[in-house]
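Here full-length UniProt numbering is used: position 97 in the first sequence is 97, and no number is missing along the way.
Where hints are given, some of them may not hold.
[Said to hold, decoys possible] Cross-link-like lysine-lysine pairs, in silico, DSS-like; alpha carbons within 25 Å at most:
id, residue 1, residue 2
1, K80, K91
2, K129, K91
3, K85, K129
4, K58, K129
5, K3, K129
6, K102, K129
7, K3, K85
8, K58, K85
9, K58, K91
10, K91, K3
11, K80, K129
Quick caveat, the hints were computed from the structure, so don't treat them as lab data.
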Amino acid sequence: MPKRYWLMKSEPDAYSWDDLVAEGEGTWDGVRNHRAANNMRAMQVGDEAFFYHSNIGKEVVGVISISVTGITDPSDPDGKWAAVKVRPVRKLARPVTLAEIKADPALEGIELVRLSRLSVAELTEPEWKHILSLSDG
DNA sequence: GCCAACGTTGGC
DNA sequence: GCCAACGTTGGC
């Protein structure tokens with residue numbers, strides 16, 4: 001299974017990049033959308049994801065890697081929803097804003113924009129590399 | 001099984 | 001603060 005690429009949203013008020021770095025490893029729980037949950041179920045250990053700050057910032061701030069897959073959401077009393085654990089890899093040299101992503105023809109059709117309410121989205125490899133290039137120059 | 005009402009998310 | 005998109009709920 002080749003590596004896949006994801007984008008995971010969090011409101012920094014609730015859980016920010018700095019919170020994850022402080023923890024070292026974080027459980028990505030509280031997802032209550034089937035499409036987002038299915039994306040988490042499809043994740044493999046070692047897949048990489050962008051950490052995106054929604055609402056405040058509206059920008060991709062860092063790269064994380066999936067460290068544990070296939071766990072049930074500890075915040076779900078019924079134990080039906082999926083969760084994963086993630087670790088920070090590196091902060092981006094420069095955050096990439098939603099406005100930049102929307103304005104870039106190379107990122108037309110990206111799930112982040114097309115399905116704006118999806119909290120766990122998949123990126124194609126070209127989309128992933130393009131966003132990295134926007135940050136790193 | 002349809003659809004209106006309502007709640008939530010997230011951008012503006 | 002508003003609104004669009006989308007999911008869920010409940011009446012019929």
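Now for the hints, and whether the structure bears them out:
Distance check on the hinted pair: K80 and K91 sit about 32 Å apart at the alpha-carbon level, beyond 25 Å; violated. This hinted pair checks out: K129 and K91 have alpha carbons roughly 15 Å apart, not beyond 25 Å. At most 25 Å may separate the alpha-carbon atoms for a hinted pair to count; K85 and K129 meet this at roughly 23 Å. With a C-alpha separation of about 19 Å, the suggested pairing of K58 with K129 holds against the 25 Å cut-off.
The hinted pair formed by K3 and K129 meets the criterion: a straight-line CA distance of about 13 Å does not exceed 25 Å. At most 25 Å may separate the alpha-carbon atoms for a hinted pair to count; K102 and K129 meet this at roughly 16 Å. At most 25 Å may separate the alpha-carbon atoms for a hinted pair to count; K3 and K85 meet this at roughly 16 Å. Restraint check: the Cα-Cα separation between K58 and K85 comes to about 22 Å, which is no more than 25 Å; the hinted pair holds.
Between K58 and K91 the alpha-carbon distance is near 15 Å, which keeps this suggested pair within the 25 Å criterion. As the CA atoms of K91 and K3 are separated by approximately 20 Å, the hinted pair is consistent with the 25 Å bound. Pair hint K80 plus K129 does not hold up; C-alpha atoms about 34 Å apart against a cutoff of 25 Å.
Checked against the numbered hints given earlier, this structure breaks hints 1, 11; the rest are met.
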